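Participant: With the hints in hand, could you dock these two chains into one complex?
For the record, the sequence lines run as chains A and B. Quick note on numbering: the first sequence equals residues 1 to 88 in this note's numbering. Quick note on numbering: the second sequence equals residues 1001 to 1418 in this note's numbering.
Everything labelled a hint here was simulated from the structure, so no lab data went into it. Please note that the accuracy of each hint is not assured.
Stretches of chain B that chain A covers, calculated by requiring three or more beta carbons in the stretch to come under 8 Å of a beta carbon on chain A [as the list claims (entries may be wrong)]: (1) 1040-1046; (2) 1245-1253; (3) 1296-1304.
Since this is a predicted model, take the numbers as computed values, not measurements. We put the CB at the ideal spot given by N, CA and C, even for glycine.
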Amino acid sequence: MLLIPCPWCGPRNQVEFTYGGDATLHRPAPDAPEAAWVDYVYLRDNPCGPHDELWFHGAGCRGWLHVLRDTRTHDILASAPVGEPLSR
Amino acid sequence: MKRYSIFSLLGNALAGRDDWPLAWRNPTPKKNYDVVIIGGGGHGLATAYYLAKEHGIRNVAVLEKGWLGGGNTGRNTTIVRSNYHLDANAHFYEYSLKLWERLSQTLNFNVMYSARGVLNLVHTPADMDAAMRRGNAMRLNGIDATFLTRDEIARRIPNLDCSPTARFPILGGLLQPRGGTVRHDAVAWGYARAADALGVDIMQKCEVTGLRIEGGAVTGVRTTLGDIGAAKIGIAVAGHSSVVAAMAGIKLPIESHVLQAMVSEPIKPVLDTVVTSGAVHFYISQSDKGELVMGGDLDFYNSYAQRGNLPQIEEVVAACTALFPSFGRLRLMRTWGGIMDMTMDGSPIIGKLPVKGLYMTGGWCYGGFKATPASGWTHAWTIANDAPHPLNAAFTLERFAEGRVIDEKGAGPYPWAH
Chain A
1 MLLIPCPWCG PRNQVEFTYG GDATLHRPAP DAPEAAWVDY VYLRDNPCGP
51 HDELWFHGAG CRGWLHVLRD TRTHDILASA PVGEPLSR
Chain B
1001 MKRYSIFSLL GNALAGRDDW PLAWRNPTPK KNYDVVIIGG GGHGLATAYY
1051 LAKEHGIRNV AVLEKGWLGG GNTGRNTTIV RSNYHLDANA HFYEYSLKLW
1101 ERLSQTLNFN VMYSARGVLN LVHTPADMDA AMRRGNAMRL NGIDATFLTR
1151 DEIARRIPNL DCSPTARFPI LGGLLQPRGG TVRHDAVAWG YARAADALGV
1201 DIMQKCEVTG LRIEGGAVTG VRTTLGDIGA AKIGIAVAGH SSVVAAMAGI
1251 KLPIESHVLQ AMVSEPIKPV LDTVVTSGAV HFYISQSDKG ELVMGGDLDF
1301 YNSYAQRGNL PQIEEVVAAC TALFPSFGRL RLMRTWGGIM DMTMDGSPII
1351 GKLPVKGLYM TGGWCYGGFK ATPASGWTHA WTIANDAPHP LNAAFTLERF
1401 AEGRVIDEKG AGPYPWAH
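So that you can see chain B by itself, here it is in the shape it has in the complex (with noise of 0.2 Å):
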């Protein structure tokens, strides 16, 4: 692998700019591997890369059906942030968190992680109440949390609308300084260069459609390059979790659903914090392209097909023009959809499957792009030991039939619900 530095750039630039290799090898798939990772998005990629280089099993595969990062690590918001309340939640996305902090070091590739804070808007007392006790929670568990107060909001944030006349009024919020956005696509290509230098193999445009069982153990999966051997496998595909675990016949607490995002056309700056508001459901950014890229809440009904429909959109732009009324000056350039895995407590999964040898990470509900490394990290540590690490041992499949959901919101077994 080529480092980025200063001096590769400057060199590169005096020489014409024709010395840069490839960022990987688009290698044929050998016969067999010790680990065969089954999706090549951020979480994939991420499991692949600690696998190698935590672990030293080296000998993995990624299979991506389309193209690196083509899934949800390229269609969220680019929001991380570890503001959890239950401790299971706030050690793992701490954790997660602490990766993002010195990820492009780690990579030697920029990811361009920007601690811009998150901001959480309090609107009534009920909020007021929920936002004091999660802050507590968070700094009881050494995350960092701010409460702002509506006049520190209002000098900070000029165009959000603070007046007591506003449609949701603003009555304070629950600020993580460290949260930020990180740049999506980034991650992925920043994993896949890591991870590939370090000798996985990444196939693109390779579709696992049939996993080999025999005697109640993996043996390798079938995919559209023909059959592969491995003896451990991980699950690390988003929105398809319910359609692999099928191909071993297992059935898993979720439900896929579509989650629409969009941005505007792009301006100078105008917003250099993430706002975030639970009473209408929406969350939004400022890119470094300029667009605000902003999201809301889930279509409400299962979907696979990676688009959803107006009525959604009119709500996230009706939530934004509520408390940033001068945005309505804007048009809107992009709408998207990802399908979420929404787990049954809101939860994710990450751990052994009922299969031996087989494991996943997946069921990420809205939250999956911040957890990406400590999601790879943690599947990477379950597949080396064949046993969960701490962070992500109360992340199990069996947590629902043992009664031991980890139900963030307090919603119940409702998946479009949290």
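With the rest of the complex left out, here is chain A (with noise of 0.2 Å):
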């Protein structure tokens, strides 16, 4: 059972959430070249190691977060709301 710890309503049972995927892509500009589209709609580091990605607390306070979580072990190693950097 992953323990989320949103920042807004302390530690939360992963029911509670759904899973916003890797935060760390950025939305090209509109005029932005095609390889640039491809590399943010298709192209993931998908890393074995820590993973910087998107929670959405649905059944909670229905807020964004971001969870710093490894991906070999599932430890949860910092959160933050969008936009705030991640504090450990």
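Facilitator: Right, here's the structure in full:
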């Protein structure tokens, strides 16, 4: 069971959350070259280790948060509201 | 290779059973090979076997960081089928099923292919439309598909809750009679034994730590047993494609996720077919040992951990007891997880990578086990000819950038949604 530390609600059960995927992606400008869009839409670093990812606390405060989680162990290393730096 | 037959069985029974040779050698790696295959699961071993058998390339090494078939080959729910809608998938998986049908004879190893049928339940009018469309597409592609009514299903599978008051009412089902199950470990062992007999060197506990690349072409691999030279390298590493591709500086359209499966305690025969439900995403069959083997969805977050969490197990068990109320009396005996390389369109990547001499078969999402023979067969063809076979020509890495995705489910670039 993942216990996800929501910055607003504290540690909560994973079933309250929806996964939002890789948080390091940045949407390119509308006129960016096609390669930038292919990279954004399809390609992923998919790290074996710490992964900066988004979660949505749908059954709680309905806020989006960053979670730094180790994909090898599922250990959660840090969390933060979207837009703020991750603090351990 | 000592051929397995009724005569060798009887002979060894009379001789005290001590005349069985080891099924494959345990060689030390040579300095150079024509082809190195990274990954000693079903796909890697099948690739090596077909390279030797079909293309006469026998100076081949298979490098496995753990033990043979210890990854996803030993972690799946053993189901084989070819009930796909899109042409590229249908032709590929149907070729795979045809290889399954005669694989025990091909390898002289009993892989226990059991054509017990795979039944996809239909719960809603929308399910019905989709099943009819897919079933007709399959028949147009020459694949067996039959629609069963609710009453026919109730007669065939008496312990399935087909009543109108069921939590997920059953309206009918799409059956592929030639689908079924295969003994998964036997696939790795059978391919390993047959490849070894053709001269392939299989090295276990040999982890690849890097790729040697000079002037845009591979020249070999760095491993925990030293450097090994090869002008052609095939990657068949199931849940670690991104990790190995990154050694060549290649970023893949893949996310790795954990998928769990589980078995009940073993019981007498109660289920003689494979039953799946798309509405609850659940699949179940009974193993020859008597365990009910079941699985469901991903855990829905990136993972390399080969283990999942309890909420998804609860989902699967809830689906099971809703469909088969009598199974609620059973105890769950074992659960485990495997790492799925989920691509952005739900279809695999089999072909050349943008470094000369580097190839891959991977990104199998949920579907890797049933693809094992055709994956190895097409991967070997691609390596031998430095070009894809028509069966895997659509499954290129470039299809994402070129807008030719093969999105069976129409889910878009959300890998955990496939």
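Participant: Does each hint hold? Answer for all of them.
Facilitator: Verification of the hints:
Counting residues of the stretch 1040-1046 of chain B whose beta carbon lies closer than 8 Å to any beta carbon of chain A gives 0, which falls below the threshold of three, so the coverage claim is violated. Counting residues of the stretch 1245-1253 of chain B whose beta carbon lies closer than 8 Å to any beta carbon of chain A gives 3, which reaches the threshold of three, so the coverage claim holds. Only residues whose beta carbon comes within less than 8 Å of a beta carbon in chain A count, and the stretch 1296-1304 of chain B has 5; three or more means the coverage holds.
The structure does not agree with numbered hint 1 stated previously, though it agrees with all others.
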